[in-house]
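The listed protein sequences derive, respectively, from chains D and C.
Oh and the first sequence: position 444 is 444 in this note's numbering, straight run, nothing missing.
Oh and the second sequence: position 135 is 135 in this note's numbering, straight run, nothing missing.
What you were told as hints is all true, and nothing was included just to trick you.
Pairs involving identical chains hold if they fit within one copy or between any two copies, as the list cannot separate such chains.
As a list, the in silico DSSO-like pairs of lysine-lysine whose alpha-carbon atoms are at most 27 Å apart:
1) Lys310 x Lys464
2) Lys194 x Lys159
3) Lys267 x Lys310
4) Lys310 x Lys462
5) Lys134 x Lys105
Simulated from the structure, these hints should not be mistaken for laboratory data.
So you can see what is in the structure, the chains are spelled out below.
Protein chains: 2
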Amino acid sequence: MTRKIGVTELVLRDAHQSLMATRMAMEDMVDACADIDAAGFWSVECWGGATFDSCIRFLNEDPWERLRTFRELMPNSRLQMLLRGQNLLGYRHYEDTVVEKFVEKSAENGMDVFRVFDALNDPRNMERAMQAVKATGKHAQGTICYTISPLHTTEGYVKLAGQLLDMGAESIALKDMAALLKPQPAYDIVKGIKDTYGDVQINVHCHSTTGVTLVSLMRAIEAGADVVDTAISSMSLGPGHNPTESLVEMLEGTEYTTGLDMDRLLKIRDHFATVRPKYAEFESATLVDTDIFSSQIPGGMLSNMESQLKAQGAGDRIREVMEEVPVVKKDAGYPPLVTPSSQIVGTQAVFNVLMGRYKVMTGEFADLMLGYYGECMGERNPEVIEIAKGQAKKDPITERPADLLAPEWDHLVEEATKLAGYNGTDEDVLTNAMFPGVAGKFLASRAEGPKNVGKTAEQIEKEKAAADGSSKAVRGPIKYNVTMAGRTHTVQVEPA
Amino acid sequence: MTRKIGVTELVLRDAHQSLMATRMAMEDMVDACADIDAAGFWSVECWGGATFDSCIRFLNEDPWERLRTFRELMPNSRLQMLLRGQNLLGYRHYEDTVVEKFVEKSAENGMDVFRVFDALNDPRNMERAMQAVKATGKHAQGTICYTISPLHTTEGYVKLAGQLLDMGAESIALKDMAALLKPQPAYDIVKGIKDTYGDVQINVHCHSTTGVTLVSLMRAIEAGADVVDTAISSMSLGPGHNPTESLVEMLEGTEYTTGLDMDRLLKIRDHFATVRPKYAEFESATLVDTDIFSSQIPGGMLSNMESQLKAQGAGDRIREVMEEVPVVKKDAGYPPLVTPSSQIVGTQAVFNVLMGRYKVMTGEFADLMLGYYGECMGERNPEVIEIAKGQAKKDPITERPADLLAPEWDHLVEEATKLAGYNGTDEDVLTNAMFPGVAGKFLASRAEGPKNVGKTAEQIEKEKAAADGSSKAVRGPIKYNVTMAGRTHTVQVEPA
Numbered sequence: 001m002t003r004k005i006g007v008t009e010l011v012l013r014d015a016h017q018s019l020m021a022t023r024m025a026m027e028d029m030v031d032a033c034a035d036i037d038a039a040g041f042w043s044v045e046c047w048g049g050a051t052f053d054s055c056i057r058f059l060n061e062d063p064w065e066r067l068r069t070f071r072e073l074m075p076n077s078r079l080q081m082l083l084r085g086q087n088l089l090g091y092r093h094y095e096d097t098v099v100e101k102f103v104e105k106s107a108e109n110g111m112d113v114f115r116v117f118d119a120l121n122d123p124r125n126m127e128r129a130m131q132a133v134k135a136t137g138k139h140a141q142g143t144i145c146y147t148i149s150p151l152h153t154t155e156g157y158v159k160l161a162g163q164l165l166d167m168g169a170e171s172i173a174l175k176d177m178a179a180l181l182k183p184q185p186a187y188d189i190v191k192g193i194k195d196t197y198g199d200v201q202i203n204v205h206c207h208s209t210t211g212v213t214l215v216s217l218m219r220a221i222e223a224g225a226d227v228v229d230t231a232i233s234s235m236s237l238g239p240g241h242n243p244t245e246s247l248v249e250m251l252e253g254t255e256y257t258t259g260l261d262m263d264r265l266l267k268i269r270d271h272f273a274t275v276r277p278k279y280a281e282f283e284s285a286t287l288v289d290t291d292i293f294s295s296q297i298p299g300g301m302l303s304n305m306e307s308q309l310k311a312q313g314a315g316d317r318i319r320e321v322m323e324e325v326p327v328v329k330k331d332a333g334y335p336p337l338v339t340p341s342s343q344i345v346g347t348q349a350v351f352n353v354l355m356g357r358y359k360v361m362t363g364e365f366a367d368l369m370l371g372y373y374g375e376c377m378g379e380r381n382p383e384v385i386e387i388a389k390g391q392a393k394k395d396p397i398t399e400r401p402a403d404l405l406a407p408e409w410d411h412l413v414e415e416a417t418k419l420a421g422y423n424g425t426d427e428d429v430l431t432n433a434m435f436p437g438v439a440g441k442f443l444a445s446r447a448e449g450p451k452n453v454g455k456t457a458e459q460i461e462k463e464k465a466a467a468d469g470s471s472k473a474v475r476g477p478i479k480y481n482v483t484m485a486g487r488t489h490t491v492q493v494e495p496a
Numbered sequence: 001m002t003r004k005i006g007v008t009e010l011v012l013r014d015a016h017q018s019l020m021a022t023r024m025a026m027e028d029m030v031d032a033c034a035d036i037d038a039a040g041f042w043s044v045e046c047w048g049g050a051t052f053d054s055c056i057r058f059l060n061e062d063p064w065e066r067l068r069t070f071r072e073l074m075p076n077s078r079l080q081m082l083l084r085g086q087n088l089l090g091y092r093h094y095e096d097t098v099v100e101k102f103v104e105k106s107a108e109n110g111m112d113v114f115r116v117f118d119a120l121n122d123p124r125n126m127e128r129a130m131q132a133v134k135a136t137g138k139h140a141q142g143t144i145c146y147t148i149s150p151l152h153t154t155e156g157y158v159k160l161a162g163q164l165l166d167m168g169a170e171s172i173a174l175k176d177m178a179a180l181l182k183p184q185p186a187y188d189i190v191k192g193i194k195d196t197y198g199d200v201q202i203n204v205h206c207h208s209t210t211g212v213t214l215v216s217l218m219r220a221i222e223a224g225a226d227v228v229d230t231a232i233s234s235m236s237l238g239p240g241h242n243p244t245e246s247l248v249e250m251l252e253g254t255e256y257t258t259g260l261d262m263d264r265l266l267k268i269r270d271h272f273a274t275v276r277p278k279y280a281e282f283e284s285a286t287l288v289d290t291d292i293f294s295s296q297i298p299g300g301m302l303s304n305m306e307s308q309l310k311a312q313g314a315g316d317r318i319r320e321v322m323e324e325v326p327v328v329k330k331d332a333g334y335p336p337l338v339t340p341s342s343q344i345v346g347t348q349a350v351f352n353v354l355m356g357r358y359k360v361m362t363g364e365f366a367d368l369m370l371g372y373y374g375e376c377m378g379e380r381n382p383e384v385i386e387i388a389k390g391q392a393k394k395d396p397i398t399e400r401p402a403d404l405l406a407p408e409w410d411h412l413v414e415e416a417t418k419l420a421g422y423n424g425t426d427e428d429v430l431t432n433a434m435f436p437g438v439a440g441k442f443l444a445s446r447a448e449g450p451k452n453v454g455k456t457a458e459q460i461e462k463e464k465a466a467a468d469g470s471s472k473a474v475r476g477p478i479k480y481n482v483t484m485a486g487r488t489h490t491v492q493v494e495p496a
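The shape of chain D in the complex, shown without the other chains:
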């Protein structure tokens, strides 16, 4: 009578990406892996663009080695990654052989489930990556990025799911990166996909920023969702995700169950409860924020625009920029606002306010208008396309953007070969291909081994003591004995 709901645990990837700027070191994860492996998750998300980037940029850690370690420590689990379609883990389109090579190597190093998405929801940008995954025999998951606009309807999302299934998706992910998915649309979309395409597996991914999405997961489950994404409670909430244990308890007494092992969950929780404070300096103070429902602007995008304005001495014009964003978004055909479209639209809105609407276009925005990122759900404004043509001196395209790229694997190998520390593997070539500016430095310093940017328990203790001390110090006069050159002076200190 009860239906089993699968759970994807996010603590090893999206949870620390969302809560602590992806800074968690591998050494702070290894001790939890045995419990994660045995808890009964449908999959364990543990790899993606930001974790890969952070490994080589901040942690001097080889991301491929991290993947192999996960594979070794969690032999019974499906390891899952987030893949930016034709962008792989980087910020540009890669030529198809690179896509194939990357997927092949990821599978070989231990990846099982590839959640393939595209910021614009353009199926053509996901197709090759999905084919590559299927060629390795691994699980190809097609993704719908959820957003709100006058053009984004339940019917549209259901149609997109059909396109992904036609491309061979083994399951469909409904990805709500901005915590915009309210209970009713969650229900409607999942129900729509199930009603239209039969019993296709649906995974639902929500952030918790707006505080409503555990209810959305409940409604999605009621509509037939098969797997939902959560993070262990000690690494949950705020800009992160709903707590895994709360999901388990929420379903008690209903016709659904996760089948997760609560004893294991509590061990995982306790482990990360000790880890989280080490990275407190990377955390934002946001506990819950429903502003995005009215502004339609994700928090990260807003703070980006604010710092761009400040850098131009125009910090007081954020309201104007916030009103410009919907205009730019509409002109661009209503792209979902995720990396990289959120940055592209946001920066153009700032330019429009500071210099006049479309007087100066960024190269990226011109590319977006001219089709070089792919197609959105809406039509792009023809007048703005004309301006883009003029400024960028490029013609608009209608074909799949990656079709314009020449084979580049040999060139990428050549580039890698020039780097100090290159070990001759395809993995190193791919690392450099993903983050060309950063990889060289990493490969050169790789031998020094990983570094942990979290604080030690001792440092936390000292800072706490200092803060406590200061709070006492400011309240009244304190006397110190200061000894110098054998003579002791009594010094009184008080707030000036």
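Knowing the structure of chain D, use the given hints to seat chain C on it.
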């Protein structure tokens, strides 16, 4: 087609009670009152036992004056309070005239809605308070304290609702003080009450500690709940409550709506976002905790028992005590674990572990076993009743506990008259009656005016700077030039 869901805003009472030990000063609330008054809440909870206690114990603030100020600042709102039935705001039963006097004075000073509860769910302990409320023409709300035990069933709660309605309750509150109410029982209980008694108003109060209760509110609404309790987002979550704005957004697209004014909510939110950090030292680190589902022990009760054990040098025996709690709870007839039953059961469990089961009973536990707190849902263990009789040298009672009390108003007036600072009002008599140990000191110092125990923005800034400084200081040697009596010395400081 849409049904309007009322909202009780908790920020002025339970939110700061749960998040910051009830320490918020009136001056940190007044500036938000105009927006709260205009936002469209069903009621504004703003008074109760702990806020009253905290006013006179920590804030040197007259709680009656606080109530009058709320009345003045929120002329369009229903003000709501939490009343411990025959215990009023104190920790013992009061004789009926005192109950009447207290309710009369509360109404006179501005209270509109009285949520009347009893820790044991004994209707006889709520009856007089409810009658007194009705005599003033105000709203009497009967309360079900929600707990989980082998005896607590949906049917039992529905029956209790009927008893409260028979006593004249204008509405029923389902009060989930430990965040134990899961979605399915929330639905079942609300549905059961509506199905049995027709369209009686049901208010649902949940804490957010376990992370599941926004879903429970959703299900309660689907089952017909009329009003739900939430707290503005900047004063929400953790041991507190679900965020008001999230509730509003959650219902969009459904057949329910709160009708709240979001612009007002955002102003209220922004106000308390600046207030909350001032009281950070009173906050617990708990973000979400589902332990209570397995332990059945509320967090506050657990920490109480831990400190009792530590004081006896037996801090390592907490596991034994946690296993003893269910035994004691069963022997006592399965009381819900809220103040004061949680302390009474917890302390006895500690005594049992340290000195042998029921070798030594606390006076309170003996009273509980002998019926002096009223009746629970379960039968009490006859063997343990016998032990209680012997140790307390008292007989068990079956009548309403307050029936044993002699008239006490005149005596209370006499007691108050002896106090320095007593202003001759019934309100002062009642203040002293509620908290006799604390009121005397408060009345004597009342003229000095309220004090704010929160930190100033300046203090917070200084502490932050100190903490930042320390984190830099400990990482390497720092040189200072120290000038004394005209001579400059170079001093090097580094971690020892």
